[in-house]
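Taken in order, these protein sequences are the chains called A and B.
Once you know that position 119 of the first sequence is 119 in our numbering, the rest is easy, because the numbers rise by one and skip nothing.
Once you know that position 147 of the second sequence is 463 in our numbering, the rest is easy, because the numbers rise by one and skip nothing.
Hints in this document: simulated from the structure, not taken from any laboratory.
It is possible that some hints are incorrect.
Claimed, not checked - Facing chain B, a subset of chain A residues (Cβ under 7 angstroms, in silico):
(1) Leu52
(2) Leu54
(3) Pro84
(4) Ala86
(5) Val87
(6) Gly88
(7) Tyr101
(8) Arg104
Glycine included, each C-beta is placed from N, C-alpha and C at the ideal position.
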Amino acid sequence: MSNLVIEAQNLTKRYDGVPVVKGISFSVAQGEIFGLLGPNGAGKTTTILMMLGLTEISDGRVRVLGYDPVREPLQVKRRVGYLPDAVGFYDHLTAAENLRYTGRLIGLRRDECESKMRTALDHVGLHDVTDRRVSTFSRGMRQRLGIAEILLKEAQIAILDEPTSGLDPQATIELLEIIRNLKNHNVSVLLSSHLLDRVQSVCDRVALFSQGNIALIGSVPELGRQVIGDSFDLDVEGEGSGLDAKLKAVPGVTLVETVGLNHWRLKTDRDVRADVAAAVVGSGGKLLRLSLEAPTLEAIYTRYFRNEREGSRHAA
Amino acid sequence: MQREGSPWRGLGVVTQKELSDHLSSARMLVIQLLVVVTGVVIVLVSLQQIRDITAEDPFLLLRVFTRSGEQLSFVFVMTLLVPLLAIGLGFDLVNSEHNQRTLSRILSQPIYRDALLFGKFLAGLATIAISLTAMWMVVIGLALSALGVPPNGEELARAALMLVVTIAYAGVWLALAMLFSVLFRSPATAALCALGLWLFVSILWPLLSGHLVNVLFPPSATTADALLNSLSMHQAFRRLSPGALFAEIVTVLLDPAMRSTQQSQLAAMGLALVEPGSIPGAPLPLLESVLIIWPQMVGLIGGSIVLFVIGYVVFQRQEVRA
Numbered sequence: 001m002s003n004l005v006i007e008a009q010n011l012t013k014r015y016d017g018v019p020v021v022k023g024i025s026f027s028v029a030q031g032e033i034f035g036l037l038g039p040n041g042a043g044k045t046t047t048i049l050m051m052l053g054l055t056e057i058s059d060g061r062v063r064v065l066g067y068d069p070v071r072e073p074l075q076v077k078r079r080v081g082y083l084p085d086a087v088g089f090y091d092h093l094t095a096a097e098n099l100r101y102t103g104r105l106i107g108l109r110r111d112e113c114e115s116k117m118r119t120a121l122d123h124v125g126l127h128d129v130t131d132r133r134v135s136t137f138s139r140g141m142r143q144r145l146g147i148a149e150i151l152l153k154e155a156q157i158a159i160l161d162e163p164t165s166g167l168d169p170q171a172t173i174e175l176l177e178i179i180r181n182l183k184n185h186n187v188s189v190l191l192s193s194h195l196l197d198r199v200q201s202v203c204d205r206v207a208l209f210s211q212g213n214i215a216l217i218g219s220v221p222e223l224g225r226q227v228i229g230d231s232f233d234l235d236v237e238g239e240g241s242g243l244d245a246k247l248k249a250v251p252g253v254t255l256v257e258t259v260g261l262n263h264w265r266l267k268t269d270r271d272v273r274a275d276v277a278a279a280v281v282g283s284g285g286k287l288l289r290l291s292l293e294a295p296t297l298e299a300i301y302t303r304y305f306r307n308e309r310e311g312s313r314h315a316a
Numbered sequence: 317m318q319r320e321g322s323p324w325r326g327l328g329v330v331t332q333k334e335l336s337d338h339l340s341s342a343r344m345l346v347i348q349l350l351v352v353v354t355g356v357v358i359v360l361v362s363l364q365q366i367r368d369i370t371a372e373d374p375f376l377l378l379r380v381f382t383r384s385g386e387q388l389s390f391v392f393v394m395t396l397l398v399p400l401l402a403i404g405l406g407f408d409l410v411n412s413e414h415n416q417r418t419l420s421r422i423l424s425q426p427i428y429r430d431a432l433l434f435g436k437f438l439a440g441l442a443t444i445a446i447s448l449t450a451m452w453m454v455v456i457g458l459a460l461s462a463l464g465v466p467p468n469g470e471e472l473a474r475a476a477l478m479l480v481v482t483i484a485y486a487g488v489w490l491a492l493a494m495l496f497s498v499l500f501r502s503p504a505t506a507a508l509c510a511l512g513l514w515l516f517v518s519i520l521w522p523l524l525s526g527h528l529v530n531v532l533f534p535p536s537a538t539t540a541d542a543l544l545n546s547l548s549m550h551q552a553f554r555r556l557s558p559g560a561l562f563a564e565i566v567t568v569l570l571d572p573a574m575r576s577t578q579q580s581q582l583a584a585m586g587l588a589l590v591e592p593g594s595i596p597g598a599p600l601p602l603l604e605s606v607l608i609i610w611p612q613m614v615g616l617i618g619g620s621i622v623l624f625v626i627g628y629v630v631f632q633r634q635e636v637r638a
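When you get a sec, could you build the whole thing from the sequences and use the hints?
Below you can see the structure in the form of structure tokens.
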């Protein structure tokens with residue numbers, strides 16, 4: 001990864017001496033969708049504000065597109081689009097007027113601003129309500145208007161804070177689709193969320209936050225291997241006599257659990273789907289179902305913190 | 317550590333947006349109504365009085381402002397009305413951005429906080445300036461058509477200077493209201509604090525300060541020196557209120573015969589200020605009048621700068637997140 005757009009080293013934030021973000025380091029590559037995940041109050045928003053130069057950095061450093069947000073905040077803010085948690089717009093102005101204001105703050109020429117604005121509003125599906133006051137907008141529409149603002153800015157990095165919180169499932173799916181599309185515009189995306197599973201589907205890599213620290217960092221499958229270990233869960237359904245024993249005999253299978261009639265869950269140390277299929281069919285049985293269950297982010301997260309707790313209990 | 321880029325970047329855009337917000341708001345309608353009604357009432361009342369006195373006064377136009385009756389003097393009305401306008405425009409300038417959750421979005425655009433705060437102040441001041449100028453024109457226009465005497469240049473210059481001073485006075489209160497809008501997240505609290513301070517400073521302080529001086533520095537001797545000293549002491553205490561400064565300036569500006577800001581108090585005690593070699597009651601040239609009240613003008617402008625700077629420092633250090 002030669003072209004990093006965000007590099008944070010030992011980034012620390014203290015409020016009145018109390019550390020909120022405790023020396024985190026991470027980097028985001030160009031064109032990547034990077035997730036900052038963790039419970040509320042874990043330090044995600046503070047980290048984001050430090051990257052934008054909107055709050056002071058107590059210690060450590062961060063570079064955004066090579067600029068220092070402390071000394072060159074205007075350069076950073078010119079190139080980075082930010083969608084705050086529960087974004088607000090001026091309610092008495094229309095969607096277009098709100099975006100025009102942003103366009104002028106960025107310094108776009110009027111005609112340039114109008115055409116870019118139209119494209120951006122088209123892109124997020126708000127072209128019908130351009131001249132409606134924002135006070136009539138739903139939460140999902142405001143979030144999309146926020147994304148339109150980032151598109152208008154032609155930002156190289158989009159920082160989205162809790163973009164899907166408070167949205168209904170349909171609006172969430174639409175928004176995640178728009179976020180995925182940002183990647184096609186060659187925009188790097190950094191998003192924060194406490195909804196692990198929703199976000200798992202769009203993120204290339206994630207950092208799991210816990211109490212101001214980054215607990216884990218990497219792609220979801222990588223994290224799965226790190227935390228849950230090289231174990232795969234296989235879900236097998238089949239008919240035949242003595243399948244139980246046959247499944248146990250497959251090399252690589254460490255445990256066979258009977259879930260129900262003709263239904264087993266296998267723990268294996270590698271992907272042995274082909275061998276399992278061969279074993280079932282070879283013994284004259286019928287294979288009805290064979291599926292590999294990849295670990296979800298939620299499973300990784302809960303497992304990690306259970307391990308942590310147990311570790312600390314042992315240590316104590 | 318030095319930050320890069322101009323703090324003024326985006327100032328024009330912010331000012332323009334805020335100004336258009338003000339001008340199209342319902343609040344502006346109320347303000348305009350207040351201002352026009354006040355202007356008309358002042359002219360009507362003062363015309364009544366001017367017709368009774370001489371028509372040979374060389375400063376007839378200025379008398380419109382000064383001779384508006386005992387119960388409703390122009391200066392008194394303005395000392396009360398102007399702060400009300402400024403507080404009405406300023407009490408929710410910054411906290412409404414917090415409450416609408418627009419602050420972090422706007423500050424993530426390539427501007428500094430300086431531009432946002434200063435732009436809001438300028439737009440508010442411009443709005444008040446527009447209203448007060450309209451009022452000034454209503455008063456002068458009505459007076460001219462009613463009196464039928466063309467004003468001379470000196471009169472117009474004095475009236476124009478008074479307008480400028482009134483706008484500066486509004487600046488003090490706007491900066492104060494904006495300071496409260498930075499300090500308090502709730503607009504209602506900010507408005508209440510600003511109005512409370514306005515009430516205290518404009519109505520209670522003039523009464524209280526007199527008693528305070530009498531307690532701290534009991535009047536003893538009856539020599540002229542001691543009398544003048546105690547008068548100055550009273551004045552110094554009263555001047556802690558921006559309304560007192562404003563009243564002194566306007567009184568001197570609008571009456572060319574005023575030679576001192578203590579003249580009216582002395583007159584109330586049956587004394588007159590006599591300068592050797594001058595004719596009592598003779599009008600001073602404009603420049604001389606301005607020299608008398610120059611410190612007060614500087615005080616008003618300085619006051620608004622100090623209040624703005626306090627608000628600025630607090631705002632710079634404030635966290636963006638709600």
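These are the hints, each one checked on the structure:
1. Nearest Cβ of chain B to the Cβ of Leu52/A: about 6 angstroms, under the 7 angstroms cut. The hint holds.
2. The beta carbon of Leu54/A comes within 5 angstroms of a beta carbon in chain B, closer than 7 angstroms, and the hint placing it at the interface holds.
3. About 4 angstroms separates the beta-carbon of Pro84/A from the nearest beta-carbon of chain B, less than 7 angstroms, and the hint is met.
4. Checking Ala86/A against chain B: minimum C-beta separation of about 6 angstroms stays under 7 angstroms; hint holds.
5. For the restraint placing Val87/A at the interface with chain B, the shortest Cβ-Cβ distance is roughly 6 angstroms, inside the 7 angstroms limit, so the hint holds.
6. For Gly88/A, the interface hint holds, the least distance from its beta-carbon to any beta-carbon of chain B being 3 angstroms, beneath 7 angstroms.
7. Using the Cβ-Cβ criterion of 7 angstroms, the hint placing Tyr101/A at the interface with chain B is satisfied: the shortest such distance is roughly 6 angstroms.
8. Of the supplied interface hints, the one on Arg104/A holds, with its beta-carbon coming within about 5 angstroms of a beta-carbon of chain B, less than 7 angstroms.
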